[in-house]
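Chains as they are written, first to last, in my numbering: chain A, 4 to 336; chain B, 4 to 336.
Don't read these hints as lab results, they were simulated from the structure.
Be a bit skeptical, because a hint or two may be false.
[Said to hold, decoys possible] Heads up, simulated DSBU-like pairs for lysine-lysine below, C-alpha to C-alpha not over 35 Å straight-line:
(1) A:K33 to A:K175
(2) A:K85 to B:K175
(3) A:K85 to A:K175
(4) B:K175 to B:K33
(5) B:K175 to B:K85
(6) B:K85 to A:K175
This is what each chain is made of:
Protein chains: 2
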Amino acid sequence: MAEQASRLTAIDPVLAPVTEAVRDFLDGGKRLRPAFCYWGWRGAGAPDCPEIIVAAASLELLQAAALIHDDLMDDSNTRRGKPSIHRQFAAPLESGGHPGRWTDFGAAAAILIGDLCLSWCDAMIESSGIGPTELLRAKPTFQYMRTELMAGQYLDVLAQATGGTGVDRALKVIRYKAAKYTVERPLHIGGLLAGGQNALIETYSAYGLPIGEAFQLRDDILGVFGDPAETGKPAGDDLREGKRTLLVALAFERAGPAQRDLLEQSLGDRTLDDQGVDALRAVLVETDALAAVEALIERLTAGALHALDGGNVVGDAREALRELAVAATMRAG
Amino acid sequence: MAEQASRLTAIDPVLAPVTEAVRDFLDGGKRLRPAFCYWGWRGAGAPDCPEIIVAAASLELLQAAALIHDDLMDDSNTRRGKPSIHRQFAAPLESGGHPGRWTDFGAAAAILIGDLCLSWCDAMIESSGIGPTELLRAKPTFQYMRTELMAGQYLDVLAQATGGTGVDRALKVIRYKAAKYTVERPLHIGGLLAGGQNALIETYSAYGLPIGEAFQLRDDILGVFGDPAETGKPAGDDLREGKRTLLVALAFERAGPAQRDLLEQSLGDRTLDDQGVDALRAVLVETDALAAVEALIERLTAGALHALDGGNVVGDAREALRELAVAATMRAG
Numbered sequence: 004m005a006e007q008a009s010r011l012t013a014i015d016p017v018l019a020p021v022t023e024a025v026r027d028f029l030d031g032g033k034r035l036r037p038a039f040c041y042w043g044w045r046g047a048g049a050p051d052c053p054e055i056i057v058a059a060a061s062l063e064l065l066q067a068a069a070l071i072h073d074d075l076m077d078d079s080n081t082r083r084g085k086p087s088i089h090r091q092f093a094a095p096l097e098s099g100g101h102p103g104r105w106t107d108f109g110a111a112a113a114i115l116i117g118d119l120c121l122s123w124c125d126a127m128i129e130s131s132g133i134g135p136t137e138l139l140r141a142k143p144t145f146q147y148m149r150t151e152l153m154a155g156q157y158l159d160v161l162a163q164a165t166g167g168t169g170v171d172r173a174l175k176v177i178r179y180k181a182a183k184y185t186v187e188r189p190l191h192i193g194g195l196l197a198g199g200q201n202a203l204i205e206t207y208s209a210y211g212l213p214i215g216e217a218f219q220l221r222d223d224i225l226g227v228f229g230d231p232a233e234t235g236k237p238a239g240d241d242l243r244e245g246k247r248t249l250l251v252a253l254a255f256e257r258a259g260p261a262q263r264d265l266l267e268q269s270l271g272d273r274t275l276d277d278q279g280v281d282a283l284r285a286v287l288v289e290t291d292a293l294a295a296v297e298a299l300i301e302r303l304t305a306g307a308l309h310a311l312d313g314g315n316v317v318g319d320a321r322e323a324l325r326e327l328a329v330a331a332t333m334r335a336g
Numbered sequence: 004m005a006e007q008a009s010r011l012t013a014i015d016p017v018l019a020p021v022t023e024a025v026r027d028f029l030d031g032g033k034r035l036r037p038a039f040c041y042w043g044w045r046g047a048g049a050p051d052c053p054e055i056i057v058a059a060a061s062l063e064l065l066q067a068a069a070l071i072h073d074d075l076m077d078d079s080n081t082r083r084g085k086p087s088i089h090r091q092f093a094a095p096l097e098s099g100g101h102p103g104r105w106t107d108f109g110a111a112a113a114i115l116i117g118d119l120c121l122s123w124c125d126a127m128i129e130s131s132g133i134g135p136t137e138l139l140r141a142k143p144t145f146q147y148m149r150t151e152l153m154a155g156q157y158l159d160v161l162a163q164a165t166g167g168t169g170v171d172r173a174l175k176v177i178r179y180k181a182a183k184y185t186v187e188r189p190l191h192i193g194g195l196l197a198g199g200q201n202a203l204i205e206t207y208s209a210y211g212l213p214i215g216e217a218f219q220l221r222d223d224i225l226g227v228f229g230d231p232a233e234t235g236k237p238a239g240d241d242l243r244e245g246k247r248t249l250l251v252a253l254a255f256e257r258a259g260p261a262q263r264d265l266l267e268q269s270l271g272d273r274t275l276d277d278q279g280v281d282a283l284r285a286v287l288v289e290t291d292a293l294a295a296v297e298a299l300i301e302r303l304t305a306g307a308l309h310a311l312d313g314g315n316v317v318g319d320a321r322e323a324l325r326e327l328a329v330a331a332t333m334r335a336g
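With the hints as extra help, turn the sequences into a complete structure.
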């Protein structure tokens with residue numbers, strides 16, 4: 004980031020807030036994807052070294068890009084307890100000037116800052132010091148991961164636009180937007196950078212996909228029932244945005260007529276008050292959608308740990324991945 | 004694109020419109036950046052081959068990403084004579100449903116499709132068949148180019164938001180958003196992929212920067228005075244968007260009080276009618292801003308061709324770059 008900051012301010016000092024905002028944004032992350040990438044490398048028997056730290060950290064820039072663009076698409080005001088990037092850059096609004104212009108500028112800045120993070124993640128992994136051959140063995144997977152992430156995001160916003168309620172669609176969004184992107188692909192990238200063989204890559208899938216799905220299901224639950232002090236997002240935001248999670252899809256499937264009416268009227272209503280949020284939460288509990296998702300998280304995690312035990316992950320990596328599985332699926336924020 | 008299309012539809016058939024839209028978008032481009040990249044390779048003495056065609060073509064995906072995001076930021080309705088991507092994907096609006104949701108979906112789709120193009124350009128150059136060592140010699144420049152492009156875009160939208168009128172700022176935007184990105188860096192990338200030496204890279208800068216600046220100045224003139232049938236954009240759009248070009252900056256510098264009032268009131272007024280556009284055009288002519296920009300284009304092109312003649316560009320590339328210089332700066336659309 005220091006390198007990118009000096010490159011940008013050499014172009015023009017007014018660009019300083021761009022790298023400051025990214026640096027600040029990166030501060031608050033859970034760094035799960037770099038962790039899985041790092042342990043993917045170690046699990047193939049490669050040693051701890053600065054090169055894999057840099058390569059793995061590049062995934063946090065991809066995550067920053069995805070979140071900055073995601074917040075703009077959802078028009079979310081808050082991320083990690085702070086104003087989202089498009090809100091931050093629209094702030095001069097408050098000190099006068101043309102309000103419309105500054106709101107537009109906030110959106111434009113968020114698009115461009117996300118684009119910069121997308122480019123910087125390539126630049127970072129490429130300059131990690133890992134050799135050209137090893138790097139280009141992992142790069143196709145790195146690119147698939149980005150395509151899968153954006154495909155998942157597209158399916159997600161399409162479902163929001165069409166008001167889709169299906170369980171199958173919700174599961175597909177989870178698979179591409181979260182399971183592959185958050186766990187499986189980072190493990191693969193670490194493994195491929197280290198020269199890992201097919202059997203290892205398959206173990207990473209057998210462990211990574213269920214853990215990634217469980218991770219996202221936990222995220223969905225926290226988006227509705229989580230403590231804002233822990234999640235960094237206002238309570239009920241996901242309900243007001245009308246996010247089509249598995250939790251919601253299951254509630255639709257199991258709802259009685261009155262519950263269904265409530266879901267249809269209140270989900271995606273941006274003006275919903277706290278009472279309305281509570282009423283929606285009650286439907287998710289009373290239809291047993293919440294209990295079903297909790298049970299699924301448990302089943303997925305157990306399956307992942309079983310695959311990990313049966314696989315050929317070496318050294319400390321097996322224990323680290325066991326701990327990460329718990330951290331990713333049992334967290335509070 | 005066929006490969007990306009089959010990857011996306013394997014995830015879900017509803018993703019088919021994404022690659023169709025990109026394919027369609029790529030159809031209409033001038034392909035200047037790939038041309039400069041290709042001749043950068045040939046100018047270093049490397050032979051024509053499929054690998055450089057693929058590597059050079061990847062730059063067209065970067066350009067697609069930049070334009071798709073740019074059109075969203077400017078809320079432009081039209082690109083290359085067709086609806087812009089965010090308009091295309093907001094179209095189900097017309098066939099009923101929730102209008103607001105579909106407009107939001109159009110914006111979200113444009114963000115994600117631009118992001119996909121940004122990732123695909125890396126994937127394409129990486130899978131070009133050029134060896135890992137050669138590729139990673141050029142990749143840092145490829146990444147600087149993206150950073151410079153987005154920095155230039157940021158300066159551009161910031162100037163629009165603040166209503167900046169300075170000549171220096173306008174020249175800086177041109178340098179980063181256009182000169183380096185359109186000509187100098189593509190030449191460098193081609194040259195570096197071919198193993199070109201420093202002297203060649205310097206010649207590419209001495210030729211590329213002025214040609215790139217002249218290219219953008221021509222673009223600015225066409226954005227105001229061009230024939231919509233040739234440019235694919237409605238006449239006067241740049242004036243309604245309030246683009247802070249050198250043409251506009253010079254007009255501000257040279258304007259009398261009445262002309263300045265007109266510029267301040269009408270530039271960036273999205274409701275401006277044809278008569279208002281004509282009045283602004285008249286100010287750009289009467290202040291001699293247009294004549295000054297035309298003279299500058301001529302001077303820059305002459306300087307670039309002089310540098311080309313004095314440099315060590317080999318083979319057919321010298322003649323091709325001479326022709327490209329004319330095509331880029333004397334075009335009508």
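Status of each hint after checking the structure:
1. A hinted pair counts as satisfied when its Cα atoms are at most 35 Å apart, and A:K33 with A:K175 qualifies at roughly 24 Å.
2. Pair hint A:K85 plus B:K175 holds up; C-alpha atoms about 32 Å apart against a cutoff of 35 Å.
3. As the CA atoms of A:K85 and A:K175 are separated by approximately 30 Å, the hinted pair is consistent with the 35 Å bound.
4. For the hint linking B:K175 to B:K33, the alpha-carbon distance of about 24 Å falls within 35 Å, and the restraint holds.
5. Between B:K175 and B:K85 the alpha-carbon distance is near 30 Å, which keeps this suggested pair within the 35 Å criterion.
6. Note on B:K85 and A:K175: the hinted pairing holds, with a Cα-Cα distance of about 32 Å set against a maximum of 35 Å.
The structure agrees with every numbered hint stated previously.
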